[in-house]
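Q: Chains as they are written, first to last, in our numbering: chain A, 499 to 789; chain B, 499 to 789; chain C, 499 to 789; chain D, 499 to 789.
Since the hints were made in silico from the structure, they are not lab data. Keep in mind the model is a prediction, meaning the values are calculated, not measured. Fair warning: there could be bad hints in the mix.
Note that the list lumps identical chains together, so a pair holds whenever it fits in one copy or between two copies.
Here are the computed lysine-lysine pairs in the DSSO-like style, where the Cα-Cα straight-line distance is at most 27 Å [to be verified]: (1) Lys652 <-> Lys713; (2) Lys627 <-> Lys713; (3) Lys519 <-> Lys713; (4) Lys736 <-> Lys652; (5) Lys627 <-> Lys519; (6) Lys519 <-> Lys736; (7) Lys627 <-> Lys652.
Number of protein chains: 4
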Amino acid sequence: MDVGFLGLGRMGRPMALNLVKAGHRVRVWNRSAEAAESLRAEGAVPVASPAEAFRGEVAITMLADDAALRSVIVEGGVLDQAELPGIHVGMSTISVALARDLTALHERAGVAYLSAPVFGRPDVAAAAKLAIVAAGPEAAITRAQPVLDALGAKTWPFGPEPARANAVKLAGNFMLVAAIEAMSEASAFAEAHGVPAADLLDLLTGTIFAAPVYKNYGAAIAAGRYEPPGFNLSLGAKDIRLALAAGEAAGVPMPLASLLRDGLIEAIAHGHGAKDLAALALVSARRSGRS
Amino acid sequence: MDVGFLGLGRMGRPMALNLVKAGHRVRVWNRSAEAAESLRAEGAVPVASPAEAFRGEVAITMLADDAALRSVIVEGGVLDQAELPGIHVGMSTISVALARDLTALHERAGVAYLSAPVFGRPDVAAAAKLAIVAAGPEAAITRAQPVLDALGAKTWPFGPEPARANAVKLAGNFMLVAAIEAMSEASAFAEAHGVPAADLLDLLTGTIFAAPVYKNYGAAIAAGRYEPPGFNLSLGAKDIRLALAAGEAAGVPMPLASLLRDGLIEAIAHGHGAKDLAALALVSARRSGRS
Amino acid sequence: MDVGFLGLGRMGRPMALNLVKAGHRVRVWNRSAEAAESLRAEGAVPVASPAEAFRGEVAITMLADDAALRSVIVEGGVLDQAELPGIHVGMSTISVALARDLTALHERAGVAYLSAPVFGRPDVAAAAKLAIVAAGPEAAITRAQPVLDALGAKTWPFGPEPARANAVKLAGNFMLVAAIEAMSEASAFAEAHGVPAADLLDLLTGTIFAAPVYKNYGAAIAAGRYEPPGFNLSLGAKDIRLALAAGEAAGVPMPLASLLRDGLIEAIAHGHGAKDLAALALVSARRSGRS
Amino acid sequence: MDVGFLGLGRMGRPMALNLVKAGHRVRVWNRSAEAAESLRAEGAVPVASPAEAFRGEVAITMLADDAALRSVIVEGGVLDQAELPGIHVGMSTISVALARDLTALHERAGVAYLSAPVFGRPDVAAAAKLAIVAAGPEAAITRAQPVLDALGAKTWPFGPEPARANAVKLAGNFMLVAAIEAMSEASAFAEAHGVPAADLLDLLTGTIFAAPVYKNYGAAIAAGRYEPPGFNLSLGAKDIRLALAAGEAAGVPMPLASLLRDGLIEAIAHGHGAKDLAALALVSARRSGRS
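Isolated chain A, as found in the complex:
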């Protein structure tokens, strides 16, 4: 298929490459042009403007955050151009509110819009094993499926309302940060009782908590290895902020999300924002006087 891909960051780049490998014709755009240019040798076609990428059968956005997506899609005016894509698949982790705005804007512009955020870190993206959460018009999901299949292990459909996929993604990231906080406190607790965190986490992530999230982040905490980041702590903080805002808008108190928010702010205030999300463990350690 003819695919436009906007946003070649740590996640977007391997995803775009997988599309090329799967035989799709891929126009790529990125805010800093080198990232796009560097994919030319791999078979992608770098383009100079968002408008040139935002056309074809499917246009995929994998931009950093609400602001980046708003700037390109809403303020950038690409929805007003003559040539429009058949489907826009928004794969970034964005707010529920922006997803609703985009739904309305695309409806007006006559472009099918799917929200399809993903679970998985850059190595999972590279392996084309992402879990894709897709919501939007069923026909559009069906048409986009070959493209999604090149990116993920499985597409999980969540109905016709795009914003629901974003709610699911935020719920999942909330649970992810919650798991890290639980391991952090448990580790500080264990260490204070003479049990190395590595021993505790080895046991638990090998038995009742034997899931990717616990294994990956548990290993980082056990080793005290927070750099280079797989998923930046400050991005995790952003996602918790989005979850809290969406929860508040829907009348849902989330005391655990609030607790995570405060821990993440504390981590950032101590200079850990650019470390891996697992560095949240440093907060529990310091609170107990151990760092």
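Chain A is fixed; fit chains B, C and D onto it per the hints.
A: For chains B, C and D alone, kept in the frame of chain A given last:
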């Protein structure tokens, strides 16, 4: 081996049976005598007093809580009797403080003491697939190994100080309740955004959270099925209380454990103490005005 | 002095009246015109547009929230008109971020801008006893002083940077909601121990907590009297949201503010948003199974 | 009256002195005898054992905590001696549970028991201005009144059940620590926005928060003056622990008390346990990266 087994509750009964099946000679005692008597047909030998059970090569206690264990072992005076067991393996979930007291008392009485709490619900106990966390003198662990092998899938050693195994168990149960709280808030959040909790949990517990804890409790939350209980909510509250006390004693703040404590008290105040721990989800639902 | 007054809500109306009583010439504007018209008999001059009110020696805004202020001042374009006020005194409780934006916009337009939010409920406003927190150019504070003196008991200066006054106001409202939460939990605790909340609060607000905040809100909680509202619970929720956002922007975790946020959302989810802020006590009561 | 006084710590000593000054005959006992001996010159009569102090018309206990009181009254056996006091007035801050135990024990021994904990720091005790919260048999309160009048500004009666006075005391101390936490977070917030904490607290404790608790602790926070302690942080932690336990026993979640608990543990883990309770502010400061 010659084994005494004290405490035939939901966990203890299948464990004692597994010892019989594995060919050990098992004397069983329980506070209410019928529970012991009912095991006679299975090949166990019911005895009338804790003292008669607390002897032989290995004596195992699987009593309900600190109070029950204190009553039988500390106040019951079994450590003062002439005939003593070679090893006492304490498998209940008890406080770190009591584990320390028991260590000292057994040392004085000349009985090897192991703390060996377990992870797993009654069905896992019945399948002899428990994860056993053992701490105490290495020689004693080695001698008790055949007995432990009849009960669990694997024994995880945590060094010579018994109380460490109890700290590990409390840390694990804390993480368990934290996982339930995370699913509870995520479910209330999802429902308020039009996403059925079952769909959300199906996705997450099938991918990045594919671990027993999430699958079991997630399925209960998805189905709103909190009875009969696998693990009573009020027992979960007790374990969080023990974790908080042990944390405080060791100078470790545990804000997430505190949050869990308050949610569990709220659940109990609304009559859910005898339901399954997964009923913690009812608190998040009610807080968001949905029940 | 020649004063323009924008925003005649529960606080603005008595404030505008006090300016008239103090002998100032007061042009008044309100989104719904009747509120302005009804002040004609009192000696104020109703005007039909924000632009007509936003001129003269001092223009005061007492609008509901960020959105209202942005709509009138930023998007409404009053800063672009030929005739501008000498000083704009913003007295609403707004975000620190908006205060910063306004500072820059007024600088560009050549209008002196003061942030001067107030502490006190409508009855305190009517009595001209507000505590006014003022920040901005010292000369502007001096010039506006006669106007402020007609509104409050005292003006507390907080230096040349307007946003600081807004930070102070948010800090104060945070402490106010915190005091209510403390009384709420203490009341639920006391009631569960057989002590009427009224007796507890009578003692404490008559001794070590003998301050207006505790006396006023304590009396409401003691009587279970949450209507009519003096200060809407949903407005309190807004202020906590602003405090959390400003805290996050400045790297300050505020776990107590987070806790208040979740309690307020829970109150709103149960239909108490339009009640008085003291209705936060209903949340503690329900959590303990008492309502 | 003939009064026995047990416990001459920072609060007990000035209280015993006030009894002497008021003309009562006062036998004094303290665990370390020098404290009692040093009051001889002031007119008190030092005695060598709790038993000698625990007799006369009124015996007052002002011991450090549950353990000290249990050790002297319950385990010490003073209730079994021939000569017993007419009334025992327990003025320490103790658990609700111990107050219930004492009530039962005194009933059996035929001694009237009053719980009469106090609000006020040592300087307030010295000025005989304590707020006394008394619960127990009405006749006993009446008989003890001359003694209470020598100690406090006013006695607040809370009915016939002694434990209620202890619940009230714990509720008050909870509110006190909550007020300090609120000031701590507000101060960190203000400082991060360029507003000196002293300026913020000066404003608020001079207006809507003009109450002794805010003025005293606010002044300490403003000055960063945490030594010598008026009320030890570790004692505050103990009281929060007692409040949480009593809340849990009565089915009352207290999320704010939990939050305070974790902050206090963090403070103690960083070496502030022997400082004044106001040092809780150091936790908020450190969490925001400012100390």
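Q: Among all the numbered hints in the text so far, which are the ones the structure does not match?
A: 3, 6
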